[in-house]
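There are 2 protein chains.
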Amino acid sequence: MSSYDVIVVGGGISGLTAAYEMNKKGYDVLVLEAQERVGGRVHTMRVDGKNIDVGGQWVGPTQHNILKLLEELKIGTYKQHIDGHSLFFLGYEPSSVRSLKYSGIIPNVSWMSLVDLQLAIWDIEKKCESISVDEPWECENAKEYDAMTVATYIERKFWTEEAKSQFSGCVEMVFAVDAAEISFLFFLYTIKCAGGIHAMINTVGGAQDSKIKRGAQHVPKVLAKKLAGRVKLNSPVAKIDQSFKLDRERVLVTTRSGDVYACKKVIVAVPPTLSTRIQYDPPLPGIRDQLCQRMPMACVTKMTVLFKSYWWRERGYSGFFGNLTEIDDSYPVKAGYDLTEHPGIVGFILGSKCRYWGLKSLEERRDAILAQFAKMFNVSLSYVTSQMTHYVEKDWTQVEFNRGAYMSIASPGAMTSCGFVLKEPIQNIHFAGTETATEWPGYMNGAVQAGRRAADEIDCALSSDA
Amino acid sequence: MSSYDVIVVGGGISGLTAAYEMNKKGYDVLVLEAQERVGGRVHTMRVDGKNIDVGGQWVGPTQHNILKLLEELKIGTYKQHIDGHSLFFLGYEPSSVRSLKYSGIIPNVSWMSLVDLQLAIWDIEKKCESISVDEPWECENAKEYDAMTVATYIERKFWTEEAKSQFSGCVEMVFAVDAAEISFLFFLYTIKCAGGIHAMINTVGGAQDSKIKRGAQHVPKVLAKKLAGRVKLNSPVAKIDQSFKLDRERVLVTTRSGDVYACKKVIVAVPPTLSTRIQYDPPLPGIRDQLCQRMPMACVTKMTVLFKSYWWRERGYSGFFGNLTEIDDSYPVKAGYDLTEHPGIVGFILGSKCRYWGLKSLEERRDAILAQFAKMFNVSLSYVTSQMTHYVEKDWTQVEFNRGAYMSIASPGAMTSCGFVLKEPIQNIHFAGTETATEWPGYMNGAVQAGRRAADEIDCALSSDA
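Heads up: the sequence lines are chains S and U, in that order.
Sequential numbering from 1 applies to the first sequence in this note's numbering.
Sequential numbering from 1 applies to the second sequence in this note's numbering.
With the rest of the complex left out, here is chain S:
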């Protein structure tokens, strides 16, 4: 049986960062990755010779953890294209849908709505002030905020339908679930951890500022290369045994195919809900399992249409759009961006829309998306179709070892009654993954921060043992 200092379960950015940091410090590490590739929720596909990110892709200027790693790994970035008119796509009835052009970051809506939006943003930022990123459940009104959904907040706070719809749309774009699903406390906490609403929703200077050269999966690939031979693919972990029945000092990690590895410490670097699908001996404490049951994965299909030309740029559009229509059987893409490095548009099918459209065929989704683009940019469907060269998509809910993206959310009531156990080590098991971060959880930045934190915990524990 092979023996290691530390075994990392999950070869996403968080697990690989933890392994990379520990390897640098001289620990003997092994990463077990369930899938046939590294990267977790970051995945770059090669299509027509181009690198297409079908998972996480952006970094922003305040995301110091990922930026520092990129610098260290000598990986470059480039700016997301955003010049030109952006669009909001509106309308409750198929007959009345229309596009609203605007420039800059302030959408072209009524002054009433703008005031309504601004008052809510101030209110949220005010509420965020009282929240600590380490113990959000301790803030004043924590119980009250955790007992309501973001949808309830929106319903109460806004007085114009226009602002309500815009704000709901933003929540969906940022969290990849409907506002109905999210605890308002978790919402405030996540905003606090990202440094404010504008940092989250902005392109220039915000979370969508820049893309990674060669695609975001280049990061985990370089990390894996630096860990040469220490990353095993196609190795889903079935069991983590720290009962010490077989071995008095070692934790045993067994893969589904029956390989057994021994180690001193384990880092579980998978999302909370997926961490419950591993068998533990002894079973993990009830309160941790209850928490993980209340942190479901969000829901996204990310798609890219590659085109022959930048036909929308030629018409003055930036390629960015937000879709606020709520017509189930049309217009699946909630938000889209210019692909930037090649002619293409990247889009997100989110939340309940993702579930609805996930029941259709790829062809049905693609055709609905082309029709949406034609309608939004006011060109003919035959023109859009003739411009398309490739359609690429990934429905993250279908993948056994992801079961959703971008991140886990917290259902109402979870954080205040059991949130504090999320990253508490259990004997020799430590937890990483972007969900356990305090700086940009849910983003690549959070993955890096959490991986480093878990590596530090173990370094501390193993050094004091020695």
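Because the hints were derived from the structure by calculation, they are not lab data.
One or more of the hints may lead you astray.
Cβ-to-Cβ under 8 angstroms is the rule here; a few derived chain U residues that face chain S [to be verified]: (1) Ala147; (2) Ala180; (3) Asp289; (4) Lys394; (5) Thr397; (6) Ser464.
Every value quoted in this text rests on a predicted model; they were computed, and no experiment measured them.
We put the CB at the ideal spot given by N, CA and C, even for glycine.
Please arrange chain U on chain S, whose structure you already have, making use of the hints.
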């Protein structure tokens, strides 16, 4: 490799009922139960020669499915003891807690609160009218109800603090989680499926009307006996393979210890969230996984104190109490009942209280509970302690193959966007379990109804194949 018509995963009442029905029809069935006992969330422990139910225990007169089964199996029932004064235990500060005695089913609260409560009950029953038990997500306002928590409904609807606190307490007692966690649509749906609020909360004539002779686990034990040799204990299922790679006609079911069984059809009769911890090939559809991620198990530690005498009855008390105090570190038991067949009191530690007290030792819980009883019934702690002969408890969140009780709830947003897939068969996999019932889901009655429904589905499918 052994081969069967149908394999049932999970030997709770639902799975065993399904197997029993199919066995009667001549199908060759096998039940694989993960634990060392049958019964699932029904568990009768022998303590001091007495049968103590540490899991589900009551049946009511409108629960026709379980009553019919009891009749068929010749299992008797007896009435829950409820004569005497009931108690509400109140107070927000340790110094001001007090008991409020009342008789009958109407608590001794102010007229204002009673009116407030009654208006809410009428409002809820009115709202339930529009709900179909088969398609609750189709009702008018379904999206609105599903976007809010029950806590939000309570906050909006009630105008007296007293009624608010009483109603919240009732929600916790019935659902075993805080009102903050439950989708209001799921709440209405569950009430509808139970035939109304009074049917759920009443003892006489309601869901707590009667207990089962020899304990509730006698039911699954008799079912297992009738299935002689067709129930394998200690057989957690690791994988269900319907990829037909190995066998062109058969589904393969593999246990954790590596035993492989073949069958035509599988019934998965475990709670939704636990069903995701089994590996499926091909993986189940994303939308089903997303739903299961949003149906966490509720949270309960059930305890019984056995006493030398019925000392509370001697003082005129029924033994029933509801605890509306909200002091984290005292008074853990939310609701209690007379054990009835022997001198004892049965109590429930629920929701966030269950998680909080789950971090303490058994002795700390027991001592806090004895102190609560002394305070509530106005007797000395030394007297209560001297009367105690045994303390028995089960924290259902700690058990690997339960991970909570009484039932799964639905988090906000889940039912309207993916609820419809809950009991949809996937190729040769069918679903049972009380959560998939339309009559008393979450109760033994629901388990029986769902088991029969799954057996019928398969009988239909296999007969039409033949």
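Against the structure, the hints come out as follows:
{"no.": "1", "hint": "Ala147", "verdict": "holds, 4 angstroms"}
{"no.": "2", "hint": "Ala180", "verdict": "holds, 4 angstroms"}
{"no.": "3", "hint": "Asp289", "verdict": "holds, 5 angstroms"}
{"no.": "4", "hint": "Lys394", "verdict": "violated, 11 angstroms"}
{"no.": "5", "hint": "Thr397", "verdict": "holds, 3 angstroms"}
{"no.": "6", "hint": "Ser464", "verdict": "violated, 25 angstroms"}
Checked against the numbered hints given earlier, this structure breaks hints 4, 6; the rest are met.
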